[in-house]
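If you read the protein sequences in the order shown, they are chains D and X.
Heads up: the first sequence runs through residues 1 to 357, numbered per the working numbering.
Heads up: the second sequence runs through residues 1 to 402, numbered per the working numbering.
Warning: the hint list may mix true and false statements.
Listed next, with one range per pair, are the computed distances between beta-carbon atoms [stated by the list, open to error]:
id, chain 1, residue 1, chain 2, residue 2, range
1, X, S153, D, G250, 26 to 36 Å
2, X, R60, D, E128, 51 to 61 Å
3, D, G139, X, S398, 58 to 68 Å
4, D, R126, X, V275, 25 to 35 Å
If you are wondering where the hints come from, they were derived from the structure by calculation, not from laboratory data.
Think of the CB as a built atom: it goes at the ideal place given N, C-alpha and C, for glycine as much as any other residue.
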Amino acid sequence: MDLQPTDLQELLRSNAEDVLAREAPADRVRQMEASGEPDAELWSTLVDLGWTGLAIDEEHGGQGGSLLDLAVIIEQLCRNAVLSPFVPTALAALVVQRHGDEALRADLLPRIAEGATVAIALAEGRGEMHDLATTGEDGAVSGEKRFVEYARSTDLHLVAASRNGASGLAIVPTSAEGVSIEQDLASIGKTPQAIVAYDGARADAWIEGEAAVEDLRRLGSALASLESYAHAQRALDMTVDYVQTRVQFGRPIGSFQAVQMRLADLATRVQASNFLVHELLWHFGEGSEDPEQIAVVKAVTAQTVAQVTQDCHLLHGGIGFITEYDLYFHTIRGKEASLRFGGAGEALRTVANALLD
Amino acid sequence: MRVPIGHRERAVRMHYGWTDEQLQFRDDLRAFIAEHRTEELLAELDEYHDTHEYGPAMRRFRTGLDEAGFSTMAWPTEYGGQNKGAFYLFILKEELEYWGMPYDALSVLSVGTTIMRFGSESQKREWLPKIQTGEMNFAIGYTEPNAGTDLASLQTRAVRDGDEWVINGQKIYTSAAHNASHLFMAARTDPEAPKHRGISVFVFPLDTPGITVRPLWTMGGGRTNETFYEDVRIPADSIVGEENRGWYTIMNALDLERVTIGPYAPIKRVLDLMVEHVREERPELRDDPIVRTKLAETKLDYEIARALATTNAAIIDGGHTPTMEASMTKVWSTDMKERVSNLAMDLLGWEGALHVSNGEIAPARGDFEGRWRLSPSTRFGGGTNDVQRQIIATRGLSLPRG
Numbered sequence: 001m002d003l004q005p006t007d008l009q010e011l012l013r014s015n016a017e018d019v020l021a022r023e024a025p026a027d028r029v030r031q032m033e034a035s036g037e038p039d040a041e042l043w044s045t046l047v048d049l050g051w052t053g054l055a056i057d058e059e060h061g062g063q064g065g066s067l068l069d070l071a072v073i074i075e076q077l078c079r080n081a082v083l084s085p086f087v088p089t090a091l092a093a094l095v096v097q098r099h100g101d102e103a104l105r106a107d108l109l110p111r112i113a114e115g116a117t118v119a120i121a122l123a124e125g126r127g128e129m130h131d132l133a134t135t136g137e138d139g140a141v142s143g144e145k146r147f148v149e150y151a152r153s154t155d156l157h158l159v160a161a162s163r164n165g166a167s168g169l170a171i172v173p174t175s176a177e178g179v180s181i182e183q184d185l186a187s188i189g190k191t192p193q194a195i196v197a198y199d200g201a202r203a204d205a206w207i208e209g210e211a212a213v214e215d216l217r218r219l220g221s222a223l224a225s226l227e228s229y230a231h232a233q234r235a236l237d238m239t240v241d242y243v244q245t246r247v248q249f250g251r252p253i254g255s256f257q258a259v260q261m262r263l264a265d266l267a268t269r270v271q272a273s274n275f276l277v278h279e280l281l282w283h284f285g286e287g288s289e290d291p292e293q294i295a296v297v298k299a300v301t302a303q304t305v306a307q308v309t310q311d312c313h314l315l316h317g318g319i320g321f322i323t324e325y326d327l328y329f330h331t332i333r334g335k336e337a338s339l340r341f342g343g344a345g346e347a348l349r350t351v352a353n354a355l356l357d
Numbered sequence: 001m002r003v004p005i006g007h008r009e010r011a012v013r014m015h016y017g018w019t020d021e022q023l024q025f026r027d028d029l030r031a032f033i034a035e036h037r038t039e040e041l042l043a044e045l046d047e048y049h050d051t052h053e054y055g056p057a058m059r060r061f062r063t064g065l066d067e068a069g070f071s072t073m074a075w076p077t078e079y080g081g082q083n084k085g086a087f088y089l090f091i092l093k094e095e096l097e098y099w100g101m102p103y104d105a106l107s108v109l110s111v112g113t114t115i116m117r118f119g120s121e122s123q124k125r126e127w128l129p130k131i132q133t134g135e136m137n138f139a140i141g142y143t144e145p146n147a148g149t150d151l152a153s154l155q156t157r158a159v160r161d162g163d164e165w166v167i168n169g170q171k172i173y174t175s176a177a178h179n180a181s182h183l184f185m186a187a188r189t190d191p192e193a194p195k196h197r198g199i200s201v202f203v204f205p206l207d208t209p210g211i212t213v214r215p216l217w218t219m220g221g222g223r224t225n226e227t228f229y230e231d232v233r234i235p236a237d238s239i240v241g242e243e244n245r246g247w248y249t250i251m252n253a254l255d256l257e258r259v260t261i262g263p264y265a266p267i268k269r270v271l272d273l274m275v276e277h278v279r280e281e282r283p284e285l286r287d288d289p290i291v292r293t294k295l296a297e298t299k300l301d302y303e304i305a306r307a308l309a310t311t312n313a314a315i316i317d318g319g320h321t322p323t324m325e326a327s328m329t330k331v332w333s334t335d336m337k338e339r340v341s342n343l344a345m346d347l348l349g350w351e352g353a354l355h356v357s358n359g360e361i362a363p364a365r366g367d368f369e370g371r372w373r374l375s376p377s378t379r380f381g382g383g384t385n386d387v388q389r390q391i392i393a394t395r396g397l398s399l400p401r402g
């Protein structure tokens with residue numbers, strides 16, 4: 001066991017810090033929030049940097065990086081509160097790489113590395129991710145999906161459906177006939193999302209099997225946990241800086257024991273989340289991920305980001321509450337991430353079932 | 001600064017798995033524990049909580065651990081260890097604490113490694129082999145009635161008289177002073193110097209004339225002591241490290257203790273005992289959504305403790321000194337130990353209050369109520385948790401001191 005980042009990861013991180021400070025400053029993030037769409041120019045920068053192919057095999061046009069390498073970039077995107085389809089696209093690429101046949105991998109992965117974007121169309125109804133009603137008989141996808149993030153702006157949708165009674169994933173071009181946005185949904189984190197109707201939409205390709213759908217749920221949950229952690233870490237870092245400069249009663253407020261003790265407890269939870277998230281991603285890389293642990297990490301990071309961001313607002317006071325200041329980015333994005341692929345309540349149920357049944 | 005245990009060559013980074021050798025060590029250790037964890041040993045352990053006296057089975061266990069090479073595995077080879085690194089120690093502590101097995105971490109880790117680092121050549125040659133076998137074991141004489149968390153204000157005096165030191169004063173919470181062979185004591189050798197710079201550390205036998213040990217019985221069931229020192233004469237070479245530099249020696253001892261700080265494995269033990277009890281004996285609780293939620297939350301709390309303890313051990317294993325990571329582990333795991341045993345009792349109701357002496361009728365051998373009574377000592381001991389929080393804030397997060 002050695003938890004030090006590799007040299008490559010250190011390089012990726014410092015590179016991403018520089019690039020995002022320059023290319024994704026907070027005012028540009030506010031523009032993305034206002035427009036409800038990702039920033040095309042920023043996306044092409046990320047593509048040029050090779051980030052979209054980071055975890056794709058070299059034989060398919062990527063760089064053959066690990067999930068932990070990918071995590072470095074995702075964490076930096078979260079720290080800058082960037083709204084982009086990076087995570088759903090990376091998730092789709094991972095699932096294609098792990099479960100697609102060679103023809104699909106050879107076709108799709110180079111396109112993703114070069115900038116094609118993918119939305120994940122999994123949940124139905126009130127967020128149901130199992131026993132899906134959407135069908136994909138004879139390559140025609142029909143059904144209604146909800147919480148489809150970046151549904152309008154992405155090139156492809158990865159749609160969980162059943163065909164001949166078996167689960168699988170259909171790759172449907174967003175422009176295909178029969179794909180329509182039924183309703184845009186305004187979500188707490190301002191990530192664009194929609195209810196999408198598929199009415200006999202032609203699938204380009206199909207990934208067979210429940211294993212692929214389950215992997216989508218599990219990896220999706222793990223990446224959402226990573227995002228929750230990253231937002232909590234950023235909010236904490238901002239607050240640790242703030243309490244050292246904010247002076248009240250003639251002293252920096254960070255010198256008050258009440259403030260110190262609260263921050264010590266928050267930092268403890270964030271530290272634990274950091275370990276748990278990265279350990280989990282390492283297990284995915286080794287093929288040793290465990291469903292109960294995925295739920296544990298989801299619940300811990302969800303509880304952590306909610307508590308940390310809310311307490312950071314308490315320590316900031318009024319300044320943290322106004323939208324000219326950047327703290328709220330992490331409060332709302334972090335909360336949204338913690339609910340993605342199911343909230344802490346569902347995760348706790350999974351943990352309880354694993355313990356007691 | 002050289003860390004005497006835990007350093008090894010760097011292997012693969014960002015790797016969260018154990019090596020085959022570490023897994024083998026864990027298996028060997030588990031097999032050893034399974035073989036020695038007899039009814040006789042368990043009965044002695046139940047008794048031990050009330051008496052703090054080692055029984056014959058506990059002694060055999062301790063000797064067996066040493067003979068198998070387990071207890072000093074992390075020591076450098078030059079002192080009879082195997083230089084295996086901090087993770088072996090971590091695994092050792094994890095397994096022993098999970099099963100509640102006796103291990104004198106205080107002597108082997110805190111005192112032993114401090115002597116390795118600060119002791120004279122003759123002290124190392126004479127004492128370390130005896131510490132390894134358990135022949136030489138320690139009580140710690142730091143705390144005084146007016147020097148607790150503010151340890152540096154201690155007043156017990158050591159005065160040089162020819163080739164002897166003469167000690168006068170009083171210590172409190174000198175746990176194990178009634179059955180340890182030696183005392184590891186901090187005393188004031190220069191009353192004129194600023195308080196951190198007039199302290200020295202001594203090692204001497206507890207049967208030296210002039211020492212009085214009086215029991216203080218604790219609500220945890222066990223015993224600690226107050227100890228009195230009246231013209232206690234010890235040889236000049238009983239001093240460990242430099243004269244008047246003792247503060248830095250004992251701070252180092254506290255640092256090394258941090259290798260295995262935070263009893264996180266017992267949280268898992270309580271959870272496992274609870275789950276087993278509920279599944280096998282209380283089906284109505286097993287199906288109760290409140291119980292299910294609480295136990296799932298306990299699992300999360302344990303995972304947080306495991307994450308913090310492992311992070312801390314990984315830093316030490318990499319040859320670095322943890323600062324806030326050790327304190328985070330200590331605070332979380334000891335706070336959680338209290339909460340988890342409290343939860344177990346709350347869910348059980350009447351039965352949760354039953355002491356081990358009741359036999360079969362006490363759930364989990366009275367484990368929950370016993371642990372809950374003991375938990376204050378782990379929360380304030382080894383640096384009280386609120387001071388640890390301040391260490392996290394000031395050393396770890398670099399917040400200004402108040």
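Evaluated hints:
1. X/S153 to D/G250: 26 to 36 Å: Between X/S153 and D/G250, where Cβ atoms are some 29 Å apart, the hint holds.
2. X/R60 to D/E128: 51 to 61 Å: holds (58 Å)
3. D/G139 to X/S398: 58 to 68 Å: holds (59 Å)
4. D/R126 to X/V275: 25 to 35 Å: holds (31 Å)
Of the numbered hints stated above, none is contradicted by the structure.
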